[in-house]
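Respectively, the protein sequence lines represent chains A and B.
Under the working numbering, the first residue of the first sequence carries the number 1, and numbering increases by one thereafter.
Under the working numbering, the first residue of the second sequence carries the number 1, and numbering increases by one thereafter.
Some hints could be false.
Copies of one chain are not kept apart here, so a pair can be met inside one copy or by any two copies together.
[To be verified] Below 27 Å or equal to it, Euclidean Cα-Cα: the simulated DSS-like pairs (lysine-lysine) are:
#	residue 1	residue 2
1	K219	K147
2	K217	K114
3	K225	K75
4	K110	K190
5	K75	K219
6	K217	K75
7	K147	K75
8	K217	K147
9	K147	K110
By construction, these hints were calculated from the structure, which means they are not laboratory data.
2 protein chains.
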Amino acid sequence: MAGTLYLIPTTLGSDRWQDVIPQYVSSIARDTRHFVVEDIRTARRYLSRLEMPVPISELHFELLNEHSTQPEVHKLLLPLLDGLSVGLISEAGVPAVADPGASLVALAHKHGIKVVPLAGPSSIIMALMASGFNGQNFAFVGYLPIKSNEREHRIVQLEQRSRDENQSQLFIEAPYRNNQLLSSLVTTLKPETLLHISCDLTLPTELTLSQSVKEWKRKMPDLHKRPSIFGIHSA
Amino acid sequence: MAGTLYLIPTTLGSDRWQDVIPQYVSSIARDTRHFVVEDIRTARRYLSRLEMPVPISELHFELLNEHSTQPEVHKLLLPLLDGLSVGLISEAGVPAVADPGASLVALAHKHGIKVVPLAGPSSIIMALMASGFNGQNFAFVGYLPIKSNEREHRIVQLEQRSRDENQSQLFIEAPYRNNQLLSSLVTTLKPETLLHISCDLTLPTELTLSQSVKEWKRKMPDLHKRPSIFGIHSA
Numbered sequence: 001m002a003g004t005l006y007l008i009p010t011t012l013g014s015d016r017w018q019d020v021i022p023q024y025v026s027s028i029a030r031d032t033r034h035f036v037v038e039d040i041r042t043a044r045r046y047l048s049r050l051e052m053p054v055p056i057s058e059l060h061f062e063l064l065n066e067h068s069t070q071p072e073v074h075k076l077l078l079p080l081l082d083g084l085s086v087g088l089i090s091e092a093g094v095p096a097v098a099d100p101g102a103s104l105v106a107l108a109h110k111h112g113i114k115v116v117p118l119a120g121p122s123s124i125i126m127a128l129m130a131s132g133f134n135g136q137n138f139a140f141v142g143y144l145p146i147k148s149n150e151r152e153h154r155i156v157q158l159e160q161r162s163r164d165e166n167q168s169q170l171f172i173e174a175p176y177r178n179n180q181l182l183s184s185l186v187t188t189l190k191p192e193t194l195l196h197i198s199c200d201l202t203l204p205t206e207l208t209l210s211q212s213v214k215e216w217k218r219k220m221p222d223l224h225k226r227p228s229i230f231g232i233h234s235a
Numbered sequence: 001m002a003g004t005l006y007l008i009p010t011t012l013g014s015d016r017w018q019d020v021i022p023q024y025v026s027s028i029a030r031d032t033r034h035f036v037v038e039d040i041r042t043a044r045r046y047l048s049r050l051e052m053p054v055p056i057s058e059l060h061f062e063l064l065n066e067h068s069t070q071p072e073v074h075k076l077l078l079p080l081l082d083g084l085s086v087g088l089i090s091e092a093g094v095p096a097v098a099d100p101g102a103s104l105v106a107l108a109h110k111h112g113i114k115v116v117p118l119a120g121p122s123s124i125i126m127a128l129m130a131s132g133f134n135g136q137n138f139a140f141v142g143y144l145p146i147k148s149n150e151r152e153h154r155i156v157q158l159e160q161r162s163r164d165e166n167q168s169q170l171f172i173e174a175p176y177r178n179n180q181l182l183s184s185l186v187t188t189l190k191p192e193t194l195l196h197i198s199c200d201l202t203l204p205t206e207l208t209l210s211q212s213v214k215e216w217k218r219k220m221p222d223l224h225k226r227p228s229i230f231g232i233h234s235a
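Between the sequences and the hints, there should be enough to build the whole structure, so can you do that?
Below is the structure:
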């Protein structure tokens with residue numbers, strides 16, 4: 001009988017795992033010996049904090065990141081096909097959403113392997129909760145284009161869709177470009193459009209705020225290198 | 001100084017809160033005396049399980065559901081403006097996503113009240129994790145139309161968007177109509193389109209499976225009255 005692929009959330013960068021990880025999730029991790037991880041160093045550090053019952057050196061780690069090839073992903077299935085359970089851990093938050101883990105999950109389904117998602121912190125869903133925007137209809141569209149004319153075009157497109165379909169639009173940027181994105185947003189969006197920013201979620205410096213573009217313009221926060229989720233909604 | 005609005009997740013229907021609720025979230029709930037809830041009975045039961053340090057009868061509950069008027073939502077702000085912290089709890093999972101709680105969050109931002117989202121189970125994000133679908137670009141679109149011709153039109157539209165934009169499309173149905181929705185899906189979608197179903201998440205009867213429409217047709221699960229999230233992705 002094949003093993004189970006457990007999708008194990010990790011923190012959003014905080015050391016205090018008890019803030020965001022349920023007790024059951026930590027006990028599943030403690031029972032697991034084979035891990036597929038996006039970054040071995042952060043995964044080891046996280047599992048050390050969970051107080052694994054065996055030395056970290058006795059655990060098996062396989063890497064799955066944006067450089068992994070399809071044959072390499074295939075090889076990650078082997079322990080599962082041998083009947084062992086495997087834990088998938090991304091660099092931050094829930095795995096297999098905005099990281100390469102989804103390719104292993106897709107392959108697991110093709111081979112009839114049971115996939116068990118576990119509850120934990122998702123910065124996307126926490127930003128949506130904190131926004132007060134429509135959560136009956138929302139989209140997360142990942143990164144916006146880097147080139148300024150393409151980016152502005154995309155911002156206008158998202159604003160229009162949020163109005164036409166009453167669909168909240170969430171997106172991200174590489175943290176060192178957050179301030180540029182915020183500048184593009186306040187110059188491109190209509191003054192009445194609502195803009196939400198969730199920044200440093202679960203950290204002591206956490207900020208969550210929804211207000212009109214006009215209000216954001218009065219006082220712009222410094223988001224440089226701070227992990228942030230942006231959301232817009234236009235009525 | 002105004003109080004804080006804590007967005008407190010609850011379980012997805014399981015009694016075992018430790019499976020999905022982090023320890024810190026339970027401690028925030030234990031420190032709170034004022035709650036705004038979607039359903040008073042389920043909120044009381046949940047808080048009893050969390051072992052509140054005071055009798056449940058000494059807690060303050062205010063209702064916020066789909067019948068609440070805007071003036072009623074305004075009144076819910078009063079304890080916050082008086083400096084008291086308030087916990088928002090929905091009927092299942094994280095609050096203020098697919099429930100009326102978002103209106104209180106939106107109003108809190110207008111009054112400069114701090115909003116703190118807490119980590120917990122979101123059936124939408126857990127289904128996305130379990131799907132193996134693209135999570136860099138996804139939409140949750142709520143309920144599909146009930147009338148069969150409108151519903152089929154909408155299904156075709158979602159399938160097309162998932163292909164044109166490489167955007168995974170997630171949606172739900174009232175649980176007693178799940179089997180009808182599944183029938184519409186397998187007759188309307190292309191045979192090669194991938195369909196994901198996450199059903200009874202976190203319960204002993206949990207099912208998560210992604211496969212082509214052609215494969216679903218061979219063996220249709222009985223989803224009647226079982227809370228489910230549906231997802232499609234067309235390549």
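Given a CA cutoff of 27 Å, do K219 and K147 count as a within-copy pair, a between-copy pair, both, or neither? Answer is within: at 25 Å inside a copy they meet the 27 Å cutoff, but 48 Å across does not.
Reference check for the pair K217 and K114, CA-CA at most 27 Å: within, between, both, or neither? Between copies, since 20 Å is at most 27 Å while 49 Å is not.
If the cutoff is 27 Å on CA atoms, where do K147 and K110 land: within, between, both or neither? Let me know, please. Classified as neither; 38 Å inside a copy, 33 Å across copies.
At most 27 Å between CA atoms: does that hold for K75 and K219 within a copy, between copies, both, or neither? neither (51 Å within a copy, 29 Å between copies)
How would you label the pair K110, K190 (within, between, both, or neither) given a Cα cut-off of 27 Å? Between copies, since 18 Å is at most 27 Å while 46 Å is not.
Checking an output row: K217 and K75, CA cutoff 27 Å. Within, between, both or neither? neither (51 Å within a copy, 30 Å between copies)
Check K225 against K75 for me: Cα-Cα at most 27 Å, and say if that holds within a copy, between copies, both or neither. neither (35 Å within a copy, 39 Å between copies)
Taking 27 Å as the upper bound on the Cα-Cα distance, should K147 and K75 be classified as within, between, both, or neither? Answer is neither: 38 Å inside a copy and 46 Å across each miss the 27 Å cutoff.
Have a look at K217 and K147 and pick one of within, between, both or neither, based on CA distance no larger than 27 Å. Only inside one copy: K217 and K147 sit 22 Å apart there, 45 Å across copies, limit 27 Å.
Against the hints set out earlier in the document, violations occur for numbers 3, 5, 6, 7 and 9.
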